[in-house]
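Enquirer: Chains as they are written, first to last, in our numbering: chain A, 48 to 400; chain B, 48 to 400.
FYI, nobody ran anything at the bench for these hints, they're computed from the structure. Take these hints with a grain of salt, some might be off.
Unchecked claim - Here are some, though not all, of the chain A residues that point toward chain B, as calculated from beta-carbon distances under 8 Å:
no.	residue
1	140
2	150
3	158
4	178
Stated by the list, open to error - Calculated pairs, DSS-like style, for lysine-lysine (alpha carbon to alpha carbon, straight line, at most 27 Å):
no.	chain 1	residue 1	chain 2	residue 2
5	B	228	B	130
6	A	172	B	172
7	A	172	A	228
8	A	233	A	296
9	B	296	A	176
10	B	176	A	233
11	B	383	B	221
12	B	296	B	376
13	A	233	A	221
What you are looking at is a predicted structure, and each value in this text was computed from that prediction instead of being measured. Just so it is clear, CB atoms sit at the ideal spot from N, CA and C, and this is done for glycine as well.
Protein chains: 2
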Amino acid sequence: MEKGDPKPTVTESFPMSGGDGAHSYARNSSLQRGGLFNALNKSREAILANLDLRNPNFDRNNNIVRIADFGCSVGPNTFDAVKHIIDTVKLRFRQEDDVDDDLQDLEFHVFFNDQSNNDFNTLFKTLPKNENCFAAGVPGSFYGRVFPRNSLHIGHTSYTLHWLSRVPGENIGKQNSPAHKEQFEKDIENFLEARSEELVPGGLMIVLGLCISDGVPFAQTGKGIVMEIFLGCLIDIAKAGIISEEKAKTFSFPKYFPHFSEVKEAMERNRRFSVEMMEEIKHAYEDVDVGHELVVSVYRGLYHGVLVEHFGESSVDVLFDRFAEELTKCPLDDIKKTASDREYVIVLRRNLV
Amino acid sequence: MEKGDPKPTVTESFPMSGGDGAHSYARNSSLQRGGLFNALNKSREAILANLDLRNPNFDRNNNIVRIADFGCSVGPNTFDAVKHIIDTVKLRFRQEDDVDDDLQDLEFHVFFNDQSNNDFNTLFKTLPKNENCFAAGVPGSFYGRVFPRNSLHIGHTSYTLHWLSRVPGENIGKQNSPAHKEQFEKDIENFLEARSEELVPGGLMIVLGLCISDGVPFAQTGKGIVMEIFLGCLIDIAKAGIISEEKAKTFSFPKYFPHFSEVKEAMERNRRFSVEMMEEIKHAYEDVDVGHELVVSVYRGLYHGVLVEHFGESSVDVLFDRFAEELTKCPLDDIKKTASDREYVIVLRRNLV
């Protein structure tokens, strides 16, 4: 790459590691899992309050509820999320006498969306059986349209919107730069624009994700600390001649961790959804034993694809060995801050025109 | 396996060979392709005559047409089939002044169905872009339900229904036995039962497939001749000690090639569809140069999975080498009979209640 070349470091899509091997997302997604349960429980009340079963767009003639998970990866988190929504919809039916009878005829069409290079083969092979529930995979970036107009009743996405559609050309090599922020805002705008077309009027969109408490600088968060260590390892192995220094310097993760107020602003900017619920919450880590090894595993599950694309397969193992070594020097209390990073739970409702 | 054990030889599903390598279905499906074009052209008039755009089940409010290809494999044939149907639907809109205006807002939801061990990753990576068209993959056997009730407008399947859901326990080792016929009829019944639930009243089901002209014995057809040679090779390599004789003798393809009248009877037995068109046609081979090598390639594309499951990976290459050798002794005229085997084109319409 030419010096000063404005090309983004990565323009392709970034699926989680596929399959179910040791480094797969399927086996390294426990951190996301803890947050998912907590956030979904939070969102349950908002779904119950806002799901209008008498909305004519709810296809009550055919009794089909169409649900999509955007950025599903390969499970098991996506299966849990979808099951939680289905259970909540059923509960909503039971709450009202005049529609309770329809419950037995209700069928769910469930769509699992992710980039076309996601490992859908593994997703499909591990799909849990669920009565009255029919599954489909939907390939394509959720920053554009992936469904016909007015075809979904409930959308869901978790821990996806901090993944940028591209790394901006400027400020490469720096994490959470102003250019990253600009890309994040543009991505959210595109995401909501596409979903507003796809959801029926009155349809709900549940958005869970990672954020930083207002006033806390990124560099002082658990994620900021660990990412800094990781980027330092890149420079180390570049100096050892294993990867090019140019490549090490121009790498940044295609990610932006927004402050809660930035998420709020981005959501409120769109006029086609009303915000029915928006909360900043703490991740529920009770059942996750956060330690050095877990962080390395999570990084492998999340970034293996991005790193292989940028540095080549052979360098990535060296990089992770170095990372594991450096990370042990980081106090466990700092590591545990990763677990205390904040999350947001949002329930949007598509306006009735 | 115990002698006389009534277990079927194969009970699992049989996807075509995945990927796009030399032995993949994607690169060895030209025989199916020739037939597809001919049959789809035949079916066009029946679609145009029977697609009722004023049918309230056609979701004209949202202008979504939902199309599914059952047993899609990995392309490119499935992409051609779907494109043909989309083009025909658009043509239908243009034929009527009062709905012509809706055409620009029309969106298509296209579903590609196949067994969950089909190579959907390859399918998704090779999906052609098609404006106003949104794609999804649907894993699961089409001999059961794979969609919610009343959720599809047009279904399509080509060259799939001669694949049985299982090889019947009796008559194993013989092709096209009475037990195979019984399984075929049961499979068709299950297929139509499931589709009748999934299609909206007035919805169309296009069924293309392979058959034998009435009165011609299977053993005298091109397929019968070549299959006999193949089964002979199995016995040969069993005698050479490469596979067990027991296994060679108990193998039969999970297939049944019906006479045209058997297809007709099976279709007419179901009371939830009316038969709008049913024709026996000749395969259009103009563009396919049928020769010994092509037949071996087609067999590899179709049966590699089944054979590996029954005999193990290592025996299959030996088997195909033997098959290629034996096949050269078969006169080219007999081989070419494969090309003159017959096909059927059927258009069914889901009854209004």
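Enquirer: Taking the hints in turn, state whether each one holds.
Expert: Structure-based check of all given hints:
1. Given the 8 Å rule on beta carbons, the hint for residue 140 of chain A is violated: about 16 Å separates it from the nearest Cβ of chain B.
2. A distance limit of 8 Å between C-beta atoms decides the matter here; for residue 150 of chain A the minimum to chain B is near 14 Å, and the interface restraint is violated.
3. With 8 Å as the threshold, the beta carbon of residue 158 of chain A comes within range of chain B, its nearest partner Cβ sitting at about 6 Å, so the hint holds.
4. The beta carbon of residue 178 of chain A is not positioned within 8 Å of any beta carbon in chain B (closest approach about 11 Å), and the interface hint is therefore violated.
5. Between the alpha carbons of residue 228 of chain B and residue 130 of chain B the distance comes to roughly 33 Å, so the proposed pair goes past 27 Å and is violated.
6. For the hint linking residue 172 of chain A to residue 172 of chain B, the alpha-carbon distance of about 18 Å falls within 27 Å, and the restraint holds.
7. In summary, the hint linking residue 172 of chain A to residue 228 of chain A is not supported, as the alpha carbons are separated by about 37 Å, beyond the 27 Å threshold.
8. Restraint check for residue 233 of chain A and residue 296 of chain A: the C-alpha separation of about 25 Å stays at or below 27 Å, so the hint holds.
9. With a C-alpha separation of about 36 Å, the suggested pairing of residue 296 of chain B with residue 176 of chain A is violated against the 27 Å cut-off.
10. This hinted pair checks out: residue 176 of chain B and residue 233 of chain A have alpha carbons roughly 24 Å apart, not beyond 27 Å.
11. For the suggested pair residue 383 of chain B and residue 221 of chain B, the alpha carbons sit about 23 Å apart, so the restraint of at most 27 Å is met.
12. Among the hinted pairs, residue 296 of chain B with residue 376 of chain B is consistent with the structure: their alpha-carbon atoms are about 23 Å apart, no more than 27 Å.
13. At most 27 Å may separate the alpha-carbon atoms for a hinted pair to count; residue 233 of chain A and residue 221 of chain A meet this at roughly 19 Å.
This entry does not satisfy hints 1, 2, 4, 5, 7 and 9, going by the numbered hints stated previously.
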